[in-house]
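Q: Can you make the complete structure from the sequences, with help from the hints?
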Amino acid sequence: MEHARAVLNAFDYDGVRLLPGRARDQATGARDVYYAVPNDDLLKGFRRAAGRPAPGHDMRGWCSDTSSCIFGQLLSGMARMSRATGDAALRDKALALFHGWNETIGPDGDARMRLYDWEKLVCGLVDLYAYAGSGDALTALERTTAWAARTFDRSRRPADNFYFQGGGPKNTIEWYTLPENLYRAHLASGKPAFKEFADVWLYEDYWAGFAGTADPAGVVPVHAYSHVNSFNSAAMAYAVSGDRRYLNICTNAHDFLRRTQCYATGGFGPDERLMPPDGSLGRSLDLYAGHAEIPCGSWAAFKLSRYLLAFTGEARFGDWIETLLYNGIGAALPTEPDGRTFYYGDYRLSSGIKQYYWHEWPCCSGTYWQTVADYHNVVYFHDPRGLYVNLFVPSEVTWQQGGERVVLRQETNYPEGASSALSLDMERPVRFGLALRVPGWSRGLRVEINGSRIDLRAELGEWARIEREWTPGDRVTVTIPMGLRVLPVDPQHPNRVAILWGPVVLAQDEACCRRPLALRPGDDLEHRLVQEGPLRFRILDAAPERHTRFLQPLYGFPAFWPYWVYFDLDAPPLY
Numbered sequence: 179m180e181h182a183r184a185v186l187n188a189f190d191y192d193g194v195r196l197l198p199g200r201a202r203d204q205a206t207g208a209r210d211v212y213y214a215v216p217n218d219d220l221l222k223g224f225r226r227a228a229g230r231p232a233p234g235h236d237m238r239g240w241c242s243d244t245s246s247c248i249f250g251q252l253l254s255g256m257a258r259m260s261r262a263t264g265d266a267a268l269r270d271k272a273l274a275l276f277h278g279w280n281e282t283i284g285p286d287g288d289a290r291m292r293l294y295d296w297e298k299l300v301c302g303l304v305d306l307y308a309y310a311g312s313g314d315a316l317t318a319l320e321r322t323t324a325w326a327a328r329t330f331d332r333s334r335r336p337a338d339n340f341y342f343q344g345g346g347p348k349n350t351i352e353w354y355t356l357p358e359n360l361y362r363a364h365l366a367s368g369k370p371a372f373k374e375f376a377d378v379w380l381y382e383d384y385w386a387g388f389a390g391t392a393d394p395a396g397v398v399p400v401h402a403y404s405h406v407n408s409f410n411s412a413a414m415a416y417a418v419s420g421d422r423r424y425l426n427i428c429t430n431a432h433d434f435l436r437r438t439q440c441y442a443t444g445g446f447g448p449d450e451r452l453m454p455p456d457g458s459l460g461r462s463l464d465l466y467a468g469h470a471e472i473p474c475g476s477w478a479a480f481k482l483s484r485y486l487l488a489f490t491g492e493a494r495f496g497d498w499i500e501t502l503l504y505n506g507i508g509a510a511l512p513t514e515p516d517g518r519t520f521y522y523g524d525y526r527l528s529s530g531i532k533q534y535y536w537h538e539w540p541c542c543s544g545t546y547w548q549t550v551a552d553y554h555n556v557v558y559f560h561d562p563r564g565l566y567v568n569l570f571v572p573s574e575v576t577w578q579q580g581g582e583r584v585v586l587r588q589e590t591n592y593p594e595g596a597s598s599a600l601s602l603d604m605e606r607p608v609r610f611g612l613a614l615r616v617p618g619w620s621r622g623l624r625v626e627i628n629g630s631r632i633d634l635r636a637e638l639g640e641w642a643r644i645e646r647e648w649t650p651g652d653r654v655t656v657t658i659p660m661g662l663r664v665l666p667v668d669p670q671h672p673n674r675v676a677i678l679w680g681p682v683v684l685a686q687d688e689a690c691c692r693r694p695l696a697l698r699p700g701d702d703l704e705h706r707l708v709q710e711g712p713l714r715f716r717i718l719d720a721a722p723e724r725h726t727r728f729l730q731p732l733y734g735f736p737a738f739w740p741y742w743v744y745f746d747l748d749a750p751p752l753y
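For the sequence shown, the working numbering gives the first residue as 179, with consecutive numbering after it.
Keep in mind that the hints were calculated from the coordinates and are not lab data. Take the hints with a grain of salt, since some may be wrong.
[What the hints assert, rightly or not] The calculated label-pair distances, taken between Cβ atoms and stated as ranges, are:
(1) R716 with A599: 26 to 32 Å
(2) G420 with R716: 53 to 59 Å
(3) P666 with V185: 29 to 35 Å
(4) G396 with D449: 15 to 21 Å
(5) G193 with D449: 37 to 43 Å
(6) G457 with P650: 30 to 36 Å
(7) D288 with R563: 48 to 54 Å
(8) R716 with N591: 40 to 46 Å
(9) P736 with D288: 42 to 48 Å
(10) D210 with W536: 42 to 48 Å
(11) G193 with W536: 38 to 44 Å
We treat Cβ as the ideally placed atom computed from N, Cα and C, and that holds for glycine.
A: So, in structure tokens, the structure goes:
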């Protein structure tokens with residue numbers, strides 16, 4: 179079979195620049211934290227295990243023996259971020275870490291890693307090869323792949339209620355995530371050994387349920403993040419083989435996950451498990467504090483959505499990315515220099531809080547770094563006909579269209595405001611298409627070109643397309659009307675809802691008055707909530723309140739500040 183061809187292409191960390199705003203602040207803050215971790219600390223465990231001099235300090239938490247559980251993710255994030263931003267110092271740090279680690283590999287290619295750790299290393303080495311130009315990284319990947327092919331247990335036990343990450347007692351948890359980056363290595367290098375080893379780990383037993391339907395029977399509460407991430411292996415199986423069955427699996431899985439597994443924030447996996455679509459998701463709000471692995475879950479969902487955007491060209495797959503950008507990874511606490519990491523989203527009916535995980539440097543510290551680096555790769559897409567705007571964030575993109583260099587600059591305070599201004603710069607007029615994603619939650623969009631309204635017809639979840647000859651200085655203003663809305667947690671709990679403004683989940687500040695907003699089915703939100711500033715709504719009550727209560731974006735809440743995200747419309751009021 180021939181390789182699949184993408185309908186749309188991401189910019190692959192080349193040509194997109196984030197401008198001042200929340201997304202760039204988060205990415206820049208992460209860069210500073212991860213860059214500052216001493217190389218000797220990150221390499222100490224590897225050097226000690228190899229019997230080499232090991233200066234530096236021991237890391238803590240998950241990385242107390244070695245940093246292998248996140249090492250590949252750190253290399254990956256550094257390679258991607260440095261490519262996107264032109265940060266030579268960050269690239270040099272990634273290469274120095276790689277060379278320091280490479281010296282510790284055994285003569286037989288022994289990476290001294292579990293399958294779980296090595297899978298992440300594969301991603302990091304592929305990214306160093308693809309984005310930092312390191313041929314040595316590809317050589318190291320060949321050596322360790324040969325070692326892994328000789329040594330990893332191939333039982334490939336599927337996940338079940340007991341071994342919910344698969345693998346069982348053979349210590350090969352999450353084996354089904356291996357193919358994605360091995361296939362990426364094959365496509366980047368052309369070397370068949372990577373594809374041959376990837377083929378071993380295809381998760382056909384699990385994926386078969388999604389091959390023909392988005393409503394699979396017998397959903398088992400298996401590990402949420404890794405099983406969602408496994409569909410990225412199916413996506414790359416499609417990329418390598420061209421077999422549309424794998425694309426159907428990914429499309430159906432996406433639709434199933436979005437319909438039955440996701441909270442309003444885009445997060446999923448209470449107690450780290452997928453839920454039977456029988457109301458378990460709604461009931462989880464009574465039972466758990468750990469409702470979603472936010473950095474890991476955002477990473478898996480970003481990739482799956484990006485693959486589906488590329489392979490199908492359908493705008494609707496951008497909605498999950500947008501939801502997580504504001505309410506998932508975009509609402510996460512930043513990783514701290516000592517390795518403290520935000521892990522779980524907390525949406526309890528008894529009030530939630532943002533807090534750091536109890537062990538330093540967990541898996542989510544690696545995926546946090548990768549996901550914020552990926553911001554550069556999900557804002558815009560392109561094809562030979564023109565540019566596709568997936569996200570409305572302050573940013574700039576440069577590309578070649580018809581032999582001409584074109585720069586589009588996007589200035590916006592969305593979602594605090596409803597409009598985004600896109601200006602074009604080029605030497606001479608160029609004809610191309612400009613496509614704008616119409617969010618599935620929206621009421622449509624309005625577009626003006628150079629101050630004049632144009633008539634655009636596009637369904638929700640589709641692209642609004644403008645095809646014309648563009649001239650230097652042309653300006654496009656996009657307005658997406660927003661309003662208050664409620665979103666039930668699942669069909670079985672129609673009155674257990676989150677409140678949103680456009681794409682943003684609003685949470686009630688619980689610090690002063692420990693009484694949640696009381697609503698009834700059919701209440702008019704516009705009369706109960708008075709907007710007093712950008713995304714800040716004062717709650718109007720029937721009786722006088724001791725303290726004024728507000729709803730505001732979940733992403734604005736700091737650590738350990740209590741809030742409510744979900745409300746029961748049919749609950750008796752608390753007096």
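Q: Identify every previously stated hint that the structure contradicts and give their numbers, smallest first.
A: When the structure is compared with the hints, numbers 6, 8 and 10 turn out to be violated.
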